[in-house]
Amino acid sequence: MNRTAAVILAAAGLLLAGCSSSDNPNSPAAKSKDAAEVLYAYQLGKADPTDFQGVEPSVLADEGHRICSMLADGQSVDDAIARERLGFSDKETGAMIGAAPVLCPAQKTKVDAWAAAHQ
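For reference, each letter of the sequence shown is one residue, going 1 to 119 in the numbering used here.
Honestly, I wouldn't trust all of these hints.
[As the list claims (entries may be wrong)] Here are the simulated lysine to any residue pairs, SDA-like style, with alpha carbons at most 20 Å apart:
| id | residue 1 | residue 2 |
| --- | --- | --- |
| 1 | Lys31 | Gly54 |
| 2 | Lys91 | Asp112 |
| 3 | Lys91 | Gly54 |
[Unchecked claim] Here are the in silico distance ranges between beta carbons for each label pair:
| id | residue 1 | residue 2 | range |
| --- | --- | --- | --- |
| 4 | Pro57 | Gln119 | 25 to 33 Å |
| 5 | Val59 | Ala35 | 30 to 38 Å |
| 6 | Gly54 | Ala116 | 29 to 37 Å |
| 7 | Gly54 | Gly74 | 29 to 37 Å |
| 8 | Ala82 | Ala35 | 28 to 36 Å |
| 9 | Thr50 | Ala113 | 26 to 34 Å |
| 10 | Gln53 | Thr109 | 27 to 35 Å |
| 11 | Arg85 | Ala116 | 30 to 38 Å |
Everything labelled a hint here was simulated from the structure, so no lab data went into it. Small disclaimer: the values here were computed from a predicted structure and weren't measured. Think of the CB as a built atom: it goes at the ideal place given N, C-alpha and C, for glycine as much as any other residue.
All chains, please: the whole structure from these sequences, using the hints.
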C-alpha cells in the first residue's frame with residue numbers, strides 16, 4: 001500500500017471513529033478537526049519523509065494547534081517560528097508553519113504574507 005493510500009485510509013478511519021477529545025466526537029466539527037489533523041500530518045510528511053520520525057501524530061497536531069493559537073492571538077509568524085525552533089529543526093519548523101493553515105485556514109493570509117516577504 002502506498003503512502004497516499006495509507007493516509008487516506010487513516011483519515012477515513014478517524015472520520016468514521018470520530019476520534020476527538022471534544023464533548024461530541026461524532027459532531028461534524030470534531031470530524032472536521034480530525035480530518036484536518038490527518039491532513040496536517042500528511043503535509044508534514046511530504047516535506048521530507050525522514051523529518052518527524054518518532055514524533056507522535058498527536059504531538060504534531062498539538063504543535064500545529066499551538067501555532068494557530070499564537071497567530072490567532074495576534075502573535076507574529078516570527079514568534080511562532082521562534083517557539084517551534086525550541087524543539088524542532090529549522091526545516092521541521094518551516095514545514096509546521098507552512099502547513100498550519102490546514103488547521104487554521106483563517107491564518108493562511110498571515111502565513112502566506114510572511115512567506116512572500118521572506119523569499
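Lys91 and Gly54: Cα distance at most 20 Å?
holds (16 Å)
Outcome of range test on Cβ distance (Gly54, Gly74; 29 to 37 Å):
holds (33 Å)
Cβ separation of Val59 and Ala35, checked against the hinted range 30 to 38 Å
violated (18 Å)
Range hint 26 to 34 Å: satisfied by the CB atoms of Thr50 and Ala113?
Holds: the Cβ-Cβ distance is about 30 Å, inside 26 to 34 Å.
Indicate whether the distance between the beta carbons of Gln53 and Thr109 respects the range 27 to 35 Å.
Holds, at about 32 Å.
Could one say that the CB atoms of Pro57 and Gln119 fall in the range 25 to 33 Å?
Holds, at about 30 Å.
Could you grab the alpha-carbon distance between Lys91 and Asp112 and see if it respects the 20 Å cut-off?
Answer holds: Lys91 to Asp112 is near 17 Å, not above 20 Å.
Kindly confirm whether 28 to 36 Å is satisfied by the beta carbon distance between Ala82 and Ala35.
Holds, since Ala82 and Ala35 (Cβ atoms, about 29 Å apart) stay within the stated range.
Does Gly54 lie within 20 Å of Lys31 when you go C-alpha to C-alpha?
Not OK: Lys31 and Gly54 at ~25 Å, beyond 20 Å, violated.
Against the range 29 to 37 Å, how does the distance between the Cβ atoms of Gly54 and Ala116 compare: consistent or not?
holds (33 Å)
Within 30 to 38 Å: is that where the Cβ-Cβ distance between Arg85 and Ala116 falls?
violated (21 Å)
Comparing the model with each numbered hint stated earlier shows that hints 1, 5 and 11 do not hold.
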